Amino acid sequence: MSVTATASATTANGRAAGAAAPARRVSGANWSDAILNAYLVIFFIYMFAPLIVMSLAAFNAYDYPSVTQWRGFTLQWFGELAQDQRILQGLWNSFLVAFGVIVISIPLGLSGAFILTRLQSRWNGLLYAIMVSPILTPGIILGIATLIFWRNFNIPGGLFLTMLAQSTFIASYSMLMFMARLQRQDRVLEEAALDLGASNVMVFRRITLPFLYPTIATAAVIAFLQSIENYNTTVFAIGGDWTLVTEIGSRFRFGLSPVINVIGVIFVVITVLCAVAYTVYRRREQERAKAG
Amino acid sequence: MTELVRTYGRGLTATFLGLTGIWIVLLIIVPQATMIEQSLWSKERGNAISLEIDRAYTDLSMLEYDLGEATDEAARAEKQAEMAQLESRIAELEVQEQDPPKIYGLQNYTRMSGLHFGIFVKTIVYSIMVTVLALVVCYPIAYVIAHLSTPNKAAILLLGLTVPYAINELLRVYAWLMILDYQGVINSLLAVLGFVDLDAREWIPFLEYSGSVFVALIYAYILFMVFPIYNTLETLDKNQIEAAKDLGASTWRTHWRVIIPHAKPGIAVGCIMTFMLSAGSYSVPQIMTRGTSGDWFSQLIYRQFFESFNWNQGSAYAFTLLAVCILFIFLMMAVFRVGIRDIAK
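Protein chains in written order, with this note's numbering: chain A, 1 to 292; chain B, 293 to 637.
So here's chain B without its partners, still in its complex pose:
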């Protein structure tokens, strides 16, 4: 602190501290905390309260009848007092019925239906599959670019990968909509080969399978695996690989014992990013299903907010997703034995 003040003075130091504080508090922590708080309560417009109001009205009409029957003054006054009390109780209950009190608890989490839970599990499983597949496909690519190419060739290859990477994910995924469409590229190819008959509308409805979301997810996020792995592989001294080879290690052994251990932070980052992007992707399922079906967890969250207007339930779903992603980060950190500092580079 004293060093910062000595170099830049109190004013600038205070500005740095203030801006950082605003960022951390107003943009990161408090909004997240508000979301979690929102997920922990609900307003129940329960049947119990309606029943109680009905019963109170019945009691009231009984009292009214009693009042008509009653003859002496004292009994009448007593009945009237009772009626007034009951009426105020009814008014109170009716306010509660209109605006039920917040009830805190885990009900938003425990109430997830079997259907929604199934979608949740499917989203996670698919995202893990996307991550594993992306790793298997991208590791050789990153290795070839980093160690088997001349510098010029590597520069061109990287640039070639940057082009699809830089194009908007909606537009990138959109291409797959056209490829898998009823009369899309694949169905047309199959028709040419005589497997399907487009005129008879006997195409294969790829877009109705959730596998199509999977295909598009891989395409959309695969490059998030290439670049982190490339960045770590690029720093590996080629002599280490040569040394391993000279000492008689097979290609597999060299990769397993020398190259992969060095690439661990990159692999961890790639896995975390790919998983997080797939599990939280709203765009890809939105496009592949053309917004009509909602069988991806992010779509469920969206509908809780903007179609059911149940923000409490939506927040609970959102936090569930966040929790899974945090768990995944810790899992990767443990598996690859890397710290948070290695991760965000």
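Looking at chain A on its own, in the form it has when it is part of the complex:
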């Protein structure tokens, strides 16, 4: 989400114009620049070193995750992961939940955004506060509240409740995305279509929805990622079932093995690939924008 913000390229770097400044000041700026850059490097090492440690242990032929007790390079843990039925089932369950969350949270978020952007009532402030509150609520509270409420209807914890609990806050994220998009909409098109005799449903289907398609796609991706990653809400609502992440969580208690590190490596590789693909895509877009 935040990466897109970099697109707004600020070209005028005022510091370049400061060439005429006294030499003493320039060297001072260099010093502080050097310190800041070193700080940045240290911060990045801090962020990445643990990930490298975790990834290395996936290739260690030692049955306790470790990099210090090195027993040689192996790929055996990858093989074990491929045969681990509980983890594979957990992955499947995660996909099911994520799919359900997308189906529930996109319409909810979209409706909420329409109500807030198009309905100017004095309740708007309150409604807004209520609808973003799930983002600001600790995840475990959402899981607990869902679990307690649905027990009244004899629905125990499980995949279904996990979908509902996750949708509570993921719908808020999609609502914020839809609101940002709707606020940029040029309403003239809708007005024109109505004047030309289009029905209400037609206006929605042919003008509003196409305008929202990119946001629906982004919101679905974000919802999918948020759902797959979620642990704190899920662990309370999942009951006797399990998702990939809750299964990983319970392995820390029983049966910690480098298989978990293999999952970590896969996560890292997928994330880095996505990041690189995104960069390439961005660069191409920019070049096309320049050429056009």
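Some hints could be false.
Simulated pairs of lysine to aspartate or glutamate, DMTMM-like, Cα-Cα distance not exceeding 20 Å [unchecked claim]:
| no. | chain 1 | residue 1 | chain 2 | residue 2 |
| --- | --- | --- | --- | --- |
| 1 | B | Lys-335 | B | Asp-391 |
| 2 | B | Lys-445 | B | Glu-386 |
| 3 | B | Lys-537 | A | Asp-33 |
| 4 | B | Lys-530 | A | Glu-287 |
| 5 | B | Lys-445 | A | Asp-33 |
| 6 | B | Lys-335 | B | Glu-386 |
| 7 | B | Lys-445 | A | Glu-285 |
| 8 | B | Lys-414 | B | Asp-587 |
| 9 | B | Lys-414 | B | Glu-500 |
| 10 | B | Lys-394 | B | Glu-344 |
| 11 | B | Lys-445 | A | Glu-287 |
| 12 | B | Lys-445 | B | Glu-526 |
| 13 | B | Lys-335 | B | Glu-389 |
| 14 | B | Lys-335 | B | Glu-384 |
| 15 | B | Lys-556 | B | Asp-529 |
Partial pick of chain B residues on the chain A-facing surface, computed with a CB cut under 8 Å [to be verified]:
| no. | residue |
| --- | --- |
| 16 | Gly-301 |
| 17 | Leu-304 |
| 18 | Ile-320 |
| 19 | Gln-324 |
| 20 | Met-327 |
| 21 | Leu-440 |
| 22 | Leu-451 |
| 23 | Tyr-466 |
| 24 | Met-470 |
| 25 | Ser-590 |
| 26 | Asn-602 |
| 27 | Asn-604 |
| 28 | Thr-612 |
| 29 | Leu-613 |
| 30 | Arg-633 |
Treat the hints as calculated values from the structure; they're not laboratory data. Small disclaimer: the values here were computed from a predicted structure and weren't measured. For glycine and all other residues, C-beta sits at the position ideal for the given N, C-alpha and C.
Dock chain B against the given chain A, drawing on the hints supplied.
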């Protein structure tokens, strides 16, 4: 309302209203209200009722004895009636003993033991420390990326931060388990330097200190501080900084008077998110203690629900946590003078 109906018609408007209503009522408000209600009652299987039943049985055997002694018909009938009454009373009491009535009150809140209260306070204090530390560490990072980097460099740096941010928090924190383990990276380094002797099992048991949870919490949630601050700093016009410098303001003064005031909403959001995530984190303490010890407030809540099966007490603990987070949000809004609209952007 009329505008919405005019553009999209009654059907679609009703759908929007209905879905929003379902979300607000069925997913947000009523579940929270149910949780709060659950925290306000308890079923007491008290000693008093058991004592009363015992006493009733004693009375019953006394009456039985009296019945045997009694000779005239009227007295017998009277005793029998009394016995029947007592027996029905006993049956009633026994039902109550099996399924005690709900007693409403604040007992679930007031009954928090000293130990649990200590854990609660520790959780809050640690979360505040995580928040402050994250702010101090992340503000320069966000500033450097937003204002001291060329656009290309900034894009790469942000992408670099997104990678650890996007990886699951369990797996991210897991790395710290391996670093702080008995024969982990740090202990091995210390062994190489000759400070500890691993063969004699004389390692430093980092994982047994709650400081290890603290270290992992910072690592897990620090990036939630960077991105909101970056997003607000990014919108600050560079000319304002230049103007402040040209007018002779020192670097500190520029930050204090120009840059930080502009970044306030971002700082508030970052603080709220970091605090909320740390205080409510179940994953981090779960992993760092490997699920064995439970000295984090979220773990206490989990155990109330799934080990003690005391949902009333668990709900009270959960609401206490929620209340603290709400208080923190209001505190941040007051300190940074921002509204709810600025917060959730």
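Verification of the supplied hints:
1. For the given pair, Lys-335/B sits about 8 Å from Asp-391/B by alpha-carbon distance, which is consistent with the 20 Å threshold.
2. The suggested pairing of Lys-445/B with Glu-386/B is violated, with an alpha-carbon distance near 75 Å, which exceeds 20 Å.
3. This hinted pair checks out: Lys-537/B and Asp-33/A have alpha carbons roughly 16 Å apart, not beyond 20 Å.
4. Note on Lys-530/B and Glu-287/A: the hinted pairing is violated, with a Cα-Cα distance of about 26 Å set against a maximum of 20 Å.
5. Between the alpha carbons of Lys-445/B and Asp-33/A the distance comes to roughly 14 Å, so the proposed pair stays at or under 20 Å and holds.
6. Taking the CA atoms of Lys-335/B and Glu-386/B, the gap is about 15 Å. The hint holds against a cut of 20 Å.
7. Distance restraint check for Lys-445/B and Glu-285/A: the Cα-Cα separation of roughly 18 Å lies within the 20 Å cut-off, and the hinted pair is therefore satisfied.
8. Annotation: proposed proximity of Lys-414/B to Asp-587/B holds, straight-line Cα distance about 9 Å (limit 20 Å).
9. Straight-line distance between C-alpha atoms of Lys-414/B and Glu-500/B comes to about 16 Å, which keeps the hinted pair within the 20 Å bound.
10. With a CA separation close to 19 Å, the supplied pair Lys-394/B and Glu-344/B stays within the 20 Å bound.
11. A threshold of 20 Å between alpha carbons decides the hint, and for Lys-445/B with Glu-287/A the separation of about 17 Å falls inside it, so the pair holds.
12. For the given pair, Lys-445/B sits about 14 Å from Glu-526/B by alpha-carbon distance, which is consistent with the 20 Å threshold.
13. For the suggested pair Lys-335/B and Glu-389/B, the alpha carbons sit about 10 Å apart, so the restraint of at most 20 Å is met.
14. Of the pairs offered as hints, the one joining Lys-335/B and Glu-384/B holds, with about 16 Å between alpha carbons and a cut-off of 20 Å not exceeded.
15. At roughly 15 Å between alpha-carbon atoms, Lys-556/B and Asp-529/B fall within 20 Å of each other, so this suggested pair holds.
16. For Gly-301/B, the shortest C-beta to C-beta distance to chain A is roughly 3 Å, which falls under 8 Å, so the interface hint holds.
17. Contact between Leu-304/B and chain A, as hinted, is supported at the beta carbon level, the nearest pair being about 6 Å apart and thus within 8 Å.
18. At its closest, the beta carbon of Ile-320/B sits 6 Å from a beta carbon of chain A; the interface hint therefore holds under the 8 Å criterion.
19. At its closest, the beta carbon of Gln-324/B sits 5 Å from a beta carbon of chain A; the interface hint therefore holds under the 8 Å criterion.
20. Taking 8 Å as the C-beta contact cut-off toward chain A, the hint placing Met-327/B at the interface holds, the least distance being around 4 Å.
21. Look at Leu-440/B: its Cβ gets to within about 7 Å of chain A, closer than 8 Å, so that hint holds up.
22. For Leu-451/B, the suggested interface contact is upheld, since its CB lies about 5 Å from the closest CB of chain A, less than 8 Å.
23. Taken as an interface hint, Tyr-466/B checks out: its beta carbon lies about 6 Å from the nearest beta carbon of chain A, inside 8 Å.
24. Contact between Met-470/B and chain A, as hinted, is supported at the beta carbon level, the nearest pair being about 6 Å apart and thus within 8 Å.
25. Using the Cβ-Cβ criterion of 8 Å, the hint placing Ser-590/B at the interface with chain A is satisfied: the shortest such distance is roughly 6 Å.
26. For Asn-602/B, the suggested interface contact is broken, since its CB lies about 13 Å from the closest CB of chain A, more than 8 Å.
27. With a cut of 8 Å, the hint placing Asn-604/B at the interface with chain A is violated, because the nearest CB-to-CB distance is about 10 Å.
28. With a cut of 8 Å, the hint placing Thr-612/B at the interface with chain A is violated, because the nearest CB-to-CB distance is about 10 Å.
29. A distance limit of 8 Å between C-beta atoms decides the matter here; for Leu-613/B the minimum to chain A is near 6 Å, and the interface restraint holds.
30. For Arg-633/B, the interface hint holds, since its Cβ comes within 8 Å of a Cβ in chain A; the closest pair sits about 7 Å apart.
The structure fails to meet hints 2, 4, 26, 27, 28 from the earlier list, while all remaining hints are met.
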